[in-house]
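Required output: the full structure, derived from the provided sequences and hints.
Top to bottom, those sequences are chains H and B.
Adding 100 to a residue's 1-based position in the first sequence gives its number in the numbering used here.
Adding 4 to a residue's 1-based position in the second sequence gives its number in the numbering used here.
In short, the hints are calculated from the structure, not lab data.
Among these hints, one or two may not hold up.
[Claimed, not checked] Only some residues are given here: those of chain B computed to face chain H with a beta carbon under 7 Å: (1) F30; (2) H153; (3) L262; (4) V264.
All of these numbers come straight from a predicted model, not from anything done at the bench.
The beta-carbon is built from N, C-alpha and C at its ideal position, and this holds for glycine as well.
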Amino acid sequence: MSSETNKILTTDGIPLEESLKKAERKNKIKAFLLVSPLLLFLIITYIFPIGEMFTRSIDDKMITNMLPNTFKSMEKWDGQDMPEEDVFKNFYIDFKNLVEKKEHGKLAQRLNKEKNGFNTILKKLFRQIQRNKIDENGSFKDQITSIHKRFDNVEYWRAIKRTAPPYTMAKYLKGMDLYLDEKGEISQVAEDRRIHRILWLRTLEVAFFVTIFCFLMGYPIAHLLATLPMKYSNLLMICVLLPFWTSLLVRTASWMILLQQQGIVNDFFVMIGLVADDSRPEMMYNKVGTYVAMTQILLPFMVLPLYSVMKTISPSLMRAGKSLGGTPFVAFWKVYFPLTIPGIGAGCLLVFILAIGYYITPALVGGASGTLISNQIAYHMKTTLDWSFASAMGLMLLTGVLVVYWIYNKLVGVDNIKLG
Amino acid sequence: MALPKYTETRYRVWHYMYLGICAFVFFFLIAPLFVIFPLSFNAEEFLVFSDGMKRLDPDAFSLRWYEDMIYGTKNPWGLAAKNSFIIAIFATLGSVILGTVAALGLSSRHMPYKGIIMATLISPMIVPLIISGVAIFFFIAKVGLAATHAGIVIAHIILGTPFVVITVTATLSGFDHSVTRAAASLGSNPVNTFMKITLPLILPGVISGGLFAFVTSFDEVVVVLFLAGLDNTTIPIQMWTGLREQLSPTILAVATCLIVLSILILVTAELLRRRSERLRGINR
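As structure tokens, then:
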């Protein structure tokens with residue numbers, strides 16, 4: 101028998117296998133076409149701009165484009181002794197170009213960041229050029245070094261050389277309170293200026309404790325909601341869902357009212373005699389306010405995944421545990437609790453990730469000691485307009501979130517996330 | 005949850021402690037919302053309960069902050085509410101259309117690279133808002149839509165679609181695909197099948213996803229703060245400014261209105277969820 105006859109044919113004479121493959125391919129394309137509008141939209145408006153944040157955060161092309169000739173001639177300079185005449189000549193040419201384009205101020209600003217003192221000496225050089233005091237046939241090295249003694253200091257030329265690469269890690273280092281010193285080594289900024297590390301640690305601390313508080317408060321009520329008869333649990337569920345659907349700002353506002361010095365919480369403390377009327381504690385504009393408000397705001401995100409997992413656990417399991425001789429505590433710990441771990445994982449992940457990027461509530465109730473890294477990112481986006489630094493810090497935060505997500509995926513599995 | 009008669013005392017004590025803890029947590033969750041109600045009717049300017057209010061004196065209550073909200077001289081709330089609704093409605097429409105179509109493709113068992121594509125589609129929900137805000141701002145600024153309604157709508161579509169994708173794929177997971185095949189075998193074209201068969205069946209999921217998207221947009225402040233100009237101020241922006249500068253009772257009047265709105269949304273969402281569960285046969 102030939103193999104031809106073994107093949108099953110469809111009515112139009114094509115082998116069935118081929119025909120099925122064709123249909124499969126058609127279905128694949130059809131499914132992909134349905135997804136593609138949203139995928140394309142997100143890639144263009146969202147994924148790509150996140151990538152742009154990266155290029156922006158390491159970009160240092162501005163100065164590379166401002167002093168092209170200088171950097172070219174500096175390639176041959178080893179950075180030990182004073183540079184040769186051609187470096188001075190090219191620096192003069194580049195600087196004169198910038199003066200003509202009125203961009204020398206930008207250069208001075210950027211170089212001053214690299215090493216203090218550039219502003220003054222570049223201004224002097226600018227004035228000399230304006231007055232045509234520099235003889236273009238004479239030695240540039242002699243003329244420039246005589247303008248100011250700093251031009252005769254090799255440190256300043258090394259600083260210029262350091263700015264040559266079009267890319268820099270400086271923003272990332274700055275985000276960790278580090279910087280590249282004169283020798284090109286990573287070193288710490290002065291102790292009184294290390295603000296970012298404090299912010300990172302505080303962000304982690306707040307996110308961690310808010311997650312713990314949410315877990316401690318969310319677990320009992322999720323359990324109650326899952327075990328009560330439907331008609332009661334539906335009613336109590338409103339207590340979880342109403343805050344969930346209510347505007348974040350409304351909830352923050354209500355905490356601002358409650359926690360103020362003449363507010364209801366303090367009134368209550370005075371009434372039960374916990375504190376004296378004239379020494380009401382400040383509960384807002386510090387960490388207490390941040391913790392309390394964030395815990396209440398994020399609590400529903402803990403309760404809903406826990407509830408949906410607990411709902412699936414049959415109550416007979418606990419009864420079986422007890423009937424086999426376990427005390428209620430043992431039965432809970434050995435039977436019930438392990439079954440709720442996917443819910444705990446999902447809830448904690450959700451709360452932690454939301455808390456780590458929190459911005460609005462800390463900014464309103466946190467005061468100075470309650471500001472977190474997100475506030476700093478927003479500050480650089482809106483006030484100092486240092487977008488590349490904001491991008492760098494944003495990406496550092498994103499990396500942290502992805503690491504948490506990855507750990508979670510290893511431990512619990514992302515598929516276990518449920519949204520209520 | 006009555007305890008059986010034979011329960012030992014220590015478990016009895018523990019049980020009542022547990023109920024007490026639960027009561028405290030429920031109180032902690034819901035009570036802050038109800039502080040706002042009475043204070044928004046305060047006749048005075050201070051954000052504390054006056055002595056008159058404690059005695060339930062009618063003179064201590066007034067509607068002046070609601071009047072201020074609606075008729076106030078330099079009142080920003082009218083414009084803010086109009087902008088908020090316009091932006092939220094268009095953002096919801098965009099999210100629902102893009103999200104539902106994508107969910108249809110995603111729940112097909114022929115979909116290639118399902119995991120990575122799903123991760124991409126719901127990434128705006130996982131990435132912290134502040135980072136999304138920075139990224140979206142760069143895009144919107146580059147295409148020249150900063151400080152326009154269109155720019156904010158695009159931003160909110162990005163943030164809203166993950167919710168639609170998740171709710172609609174969840175609804176579709178219990179969907180019986182033989183009904184669409186039945187429709188096709190009876191001569192219906194795919195668009196007609198979708199409109200007449202699939203859509204009515206998954207509608208609860210679509211609407212509840214739309215509600216999520218609406219609330220996300222209506223309540224969103226982080227990204228809007230980067231994008232909005234003076235003409236596109238929204239309710240959250242006004243509240244943010246108000247809360248930063250001075251907590252006035254007018255804000256409480258607005259907050260009360262927002263709470264009423266969220267009660268309405270909650271009721272709708274709950275009704276839809278129950279209907280959807282009934283349709284999917286998950287009736288417990």
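Report task. Please verify that hint: B:L262, Cβ, nearest Cβ of chain H, below 7 Å or not. Result -> This hint holds: B:L262 lies near chain H, its Cβ roughly 5 Å from the closest one there, short of 7 Å.
Requested in this report: Answer holds if the nearest beta-carbon of chain H is closer than 7 Å to that of B:H153; otherwise answer violated.
Outcome: violated (16 Å)
Requested in this report: With chain H as the partner, please determine if B:F30 meets the hint condition of a C-beta pair closer than 7 Å.
Outcome: holds (5 Å)
Query raised in the report: For the hint on B:V264, does the least C-beta distance to chain H fall short of 7 Å?
Result: Check failed: Cβ of B:V264 comes no nearer than 10 Å to chain H, outside 7 Å.
Consistency note: the structure conflicts with the earlier hints numbered 2 and 4.
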